[in-house]
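First to last, the sequence lines map onto chains A and B. Sequential numbering from 1 applies to the first sequence in the working numbering. Sequential numbering from 1 applies to the second sequence in the working numbering.
The hints are simulated quantities; they were obtained by calculation from the structure and are not laboratory data. Any given hint could be a false lead.
[Said to hold, decoys possible] Computed footprint of chain A on chain B, listed as stretches where at least three residues anywhere in the stretch have a Cβ under 8 Å from a Cβ of chain A:
1) 129–136
2) 252–263
[As the list claims (entries may be wrong)] Below, computed lysine-lysine pairings styled on PhoX-like, alpha-carbon distance capped at 20 Å:
3) K105/A x K56/B
4) K102/A x K137/B
5) K240/A x K19/A
6) K105/A x K19/A
[Said to hold, decoys possible] Which chain B residues stay away from chain A? Per the calculated CB distances, all over 12 Å, these:
7) G126
8) M139
9) E166
Note that CB positions come from ideal geometry on N, CA and C, so glycine has one too.
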Amino acid sequence: VNIWIGLSEWHAKDIAQIKAFSPNIKGIIIGDPFCQRRMFTNGQFDLPSFAIQAKWNQLSVALQTPVYMTSRVFDEILQLVNYLHSHEALDLLMVQDIGLLKTIKNQYPDIAICWSLWGDSRSHIITSEFLDFIIPLGVKYIETDRASRIEFIRNQGLGIGYCVNSPKVATFGRVCYTEHLLEQDCHNKALCRQQPLELFSELNNISYKVSGHYLESPTRARKPFVENVDFLTWYAENLKDLSSEMESMFISAVDLEEYRILMPLLSDEDDLAIIHLALQASRRLEVPLISPEVSYFLYNLVKQNAPRKIVEIGSAVGFSTFLMALACPETKITAIDINPTCLEELINVAERFNLASRISIVCKDACTALNELDGGFDFVFIDADKEQYCDYIDLIKSRLAPAAIVIADDVLLQPGDLPMFPGAGAAMERFRAKLIEDQSLATSILPLGPGVSLSILKPGCGNA
Amino acid sequence: VNSTPQENKLELLAPAGSIAHIEQAILGGADAVYIGLQGLSARPDQWCFDLPKVTKATELLHSNGKKVYIAVNAEFNGKREKILENQFQELEGIGCDALIVGDWGLLNWIRHRNINMPIHVSTLLGVYNPDTVAILKEMGTKRVVMNTNLFWDEIFAITSVHSDIEYEIIAMGGICFNDNRRCHLPHRQQGDTYSVGCSEIFRLQGDTPACGQARSIHAGDIDLIPMLAFYQAIGITSFKIEGRTRSAEYVYNQTCKLRKAIDSLPTYTQQHILQYSSFR
Chain A
1 VNIWIGLSEW
11 HAKDIAQIKA
21 FSPNIKGIII
31 GDPFCQRRMF
41 TNGQFDLPSF
51 AIQAKWNQLS
61 VALQTPVYMT
71 SRVFDEILQL
81 VNYLHSHEAL
91 DLLMVQDIGL
101 LKTIKNQYPD
111 IAICWSLWGD
121 SRSHIITSEF
131 LDFIIPLGVK
141 YIETDRASRI
151 EFIRNQGLGI
161 GYCVNSPKVA
171 TFGRVCYTEH
181 LLEQDCHNKA
191 LCRQQPLELF
201 SELNNISYKV
211 SGHYLESPTR
221 ARKPFVENVD
231 FLTWYAENLK
241 DLSSEMESMF
251 ISAVDLEEYR
261 ILMPLLSDED
271 DLAIIHLALQ
281 ASRRLEVPLI
291 SPEVSYFLYN
301 LVKQNAPRKI
311 VEIGSAVGFS
321 TFLMALACPE
331 TKITAIDINP
341 TCLEELINVA
351 ERFNLASRIS
361 IVCKDACTAL
371 NELDGGFDFV
381 FIDADKEQYC
391 DYIDLIKSRL
401 APAAIVIADD
411 VLLQPGDLPM
421 FPGAGAAMER
431 FRAKLIEDQS
441 LATSILPLGP
451 GVSLSILKPG
461 CGNA
Chain B
1 VNSTPQENKL
11 ELLAPAGSIA
21 HIEQAILGGA
31 DAVYIGLQGL
41 SARPDQWCFD
51 LPKVTKATEL
61 LHSNGKKVYI
71 AVNAEFNGKR
81 EKILENQFQE
91 LEGIGCDALI
101 VGDWGLLNWI
111 RHRNINMPIH
121 VSTLLGVYNP
131 DTVAILKEMG
141 TKRVVMNTNL
151 FWDEIFAITS
161 VHSDIEYEII
171 AMGGICFNDN
181 RRCHLPHRQQ
191 GDTYSVGCSE
201 IFRLQGDTPA
211 CGQARSIHAG
221 DIDLIPMLAF
231 YQAIGITSFK
241 IEGRTRSAEY
251 VYNQTCKLRK
261 AIDSLPTYTQ
271 QHILQYSSFR
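Next comes chain A alone, as it looks inside the complex (with noise of 0.2 Å):
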C-alpha cells in the first residue's frame, strides 16, 4: 500500500528524512485545507520548491487545495496549481471545492483529482447521488476515513485514498482567529497555531482546542487495518509524531493484514500496538508466530475460562503470551523461553504497556524451568521444541489446577513439513499418541492452523 504524508507544518529537512520512515510511503502532500501561509516558515512561497525537492528524492506530490476557495485565494491556488504541472511536479490534487473542481477538470484534465476529506458533509457519508454527480466532473479517487464505505465507493468505479490518521475535527472556523482578533492580515506567523485556544461549550460541557482554524477534539481517530484501497494518507503534526504514529500503527496498517480476524477483538488502540509490536519484533528477529486461526481460538478460550495462572512453554517474542494476557486482565502468566534476545522484545512491550507485572519471564530450557515451577496452573500453552512436547507434558501435569487446561500448537504437523526440524513430524505423532493414551486427561484435536490439541484435565486429577 502506498503512503502519502501530510505535515502540519513542513521544513525543508523533513522532505529528505521522510522516506526513511517506510519504503511504502509515495509521496507528500503540500498545501493546508485552510491558510497556506501557516504550513510553511515563508507561507505558500516555499510550496513549489518544496514540491521540487521532494520530486529530487523520489517522492510523489499531492497538493492539497483550501476548503474556502473564495476570490481571496482562487487565482493563487490556480496559479500554484499551474506552476507544479508545467514543472511535472504535480501528481495528485486534493480537491474539496466544486467549482474549483470544475475549472481544473476544464483547463487540466490530465491532472489526477482526488476529492479531499473535509469536501463533503460533515458525516463523511459519500452518498450514491453525490457520486453520480461529481464522477462527471473528473475526480478519480475519493478520500475518505469511513472503513464502511469503501466498498461502496470502489464499486461505483473509484479509487480509494483511505485517510488512516487525521485530526478527528470537531469544527472548523471559516475565519482564522488569529487574524480576525487582530484585525490584520496574518503575515505574521509566530502568532498562528503558537498558542492554541481553549474553547468551552457551557451547553454539551465539552471543551475543545483551537489550533489555527481546527477545532479538535483530543483524539484521532485510528482504524488501521486497510484493504481495497489504493492508497492512504496519513497527517501528522510534524516529523516527531509521525514517527511515533509509524511506530504504533504503520505494521498494523500495512503488515497485518493476515492477521485481520484478530481485529475485532482488539478494539482497544493499545492492545492493537501490543500485538502489532510483537509481530514486527517476530519479523524482525525471523521467529515463527502461531498461526492467525491459531491466535484467534488461543484468544477467545482464555477470555472465556479467564484462568488465573498461566504458563506458556515457548513464549519468543511474546505474541501469544500478550494475546493471552489481553483476552483476561485478571491472568497471571509464567513465560518460558530459552531465546533471550526475544524475551528481551517481550520485556519491552510488556513494559511499556504496564503488562509487567502480570507476566513473570523464565529464560531457561524448558524441562528445567518446569521443574523449577510451583504449581496451581489452569491454563498451559505449548509451543516449542517439537521434541520436547511429551517431557513437557510429564512435568506439567504435577502442577495443574483441577479442571486446566493443556493446549499445545503444531500438533498436526507431518514428516518433511519443517526441514529445518526433520524430527518434528514424527515427534507430533508421538505427542498424539501420548495425549490419547492419557487416561487424566481429555484430548480433541481440531485441524486449526497447524494442528491444536485441546485438553482438559479430567475430574479428580488436579494436585494443586
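Knowing the structure of chain A, use the given hints to seat chain B on it.
What follows is chain B alone, placed relative to chain A:
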C-alpha cells in the same frame, strides 16, 4: 461588472417552526417564510411541517400575498428516494414557491427528475466562488444563500460576476465562527442525525490570542441592519432572519425590526461599492 443600480425589490424572509410563527411573521411584515419539511429538514421534528401542515401554511401565506420556501436541507443519505420523489411532487402540487436544498447529490438528483419547483441552494453546499455559481446556474438554481462567514469582497466577487440570479443572506440571527457545513457540535448537543441546527453560537471574546489564554464563548446575535444598504448594493436581494426553533414572539419582533430597516434604506449603488473597494 454590472454597474447599473439594482432595482430588485428586497425580500424579507422570516423563519417559522409552526403556524403560530407564520402568523407572527405575516403581522411583522415578512415577504416570505421558510419552513422545514418534516424528516428532511435540518431541525428537530417539533419545528418542522408535515405535508398537511405545509398545505395549511401555504394557503395562509399565499392568501396574504406571501411566499413559502421549503427547507430540505437535512443530510441526505440517499435511501429515501421514493419518499422524496413523492413528497416533492406533492409540494409542487401544493404550490410551494421554492425548495431549499442543502446537498450537491440531492440537487443533481432533482435536476434529473421531473421536479419543476424553483431551487434555492443552502449554505450547506459551500458556495465560495463564481465558478461554483456557474455550475449552479447550469443546474437551474434560482437563488444562492450566501455563507455568512464570507468577507464582503468575497461575496461581491460572486455577485458581480453572476448578477442574474438571486442572493440571500442571514441578516439577523446566529452567526458563528465555525463552519456550519461540517460542525459536529449540534450533533453532540441534540443527539439526532438529522437535527443539525445549532442552538449555540461560538464567539470569541476578549483580547488578542497571542497570549493564549483560555476564553469562553457565549451566544450572541448578528445584526446586519446597519449594513443592509451595503449588502443590497453588492447584490443581496433577500434578507433572512435565522431561527426556526425560536419563539413566535422572537419572529414577530425581529421581522418588525428588519421591515422597518428595509423600508427606510438609503440607496447605494454598485458604483459606490466599487469606489469604496478602490479605497480599501
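Evaluated hints:
1. 129–136: holds (count 7)
2. 252–263: Per the Cβ count (0), the hint is violated.
3. K105/A x K56/B: violated, 46 Å
4. K102/A x K137/B: Within the cut-off at roughly 13 Å; holds.
5. K240/A x K19/A: Judged against 20 Å, a Cα distance of about 14 Å means the pair holds.
6. K105/A x K19/A: violated, 31 Å
7. G126: Given a closest Cβ separation of 7 Å, the condition is violated.
8. M139: It is violated; M139/B is separated from chain A by about 9 Å at its closest Cβ, not greater than 12 Å.
9. E166: Given a closest Cβ separation of 18 Å, the condition holds.
When each numbered hint is compared with the structure, violations occur for hints 2, 3, 6, 7, 8.
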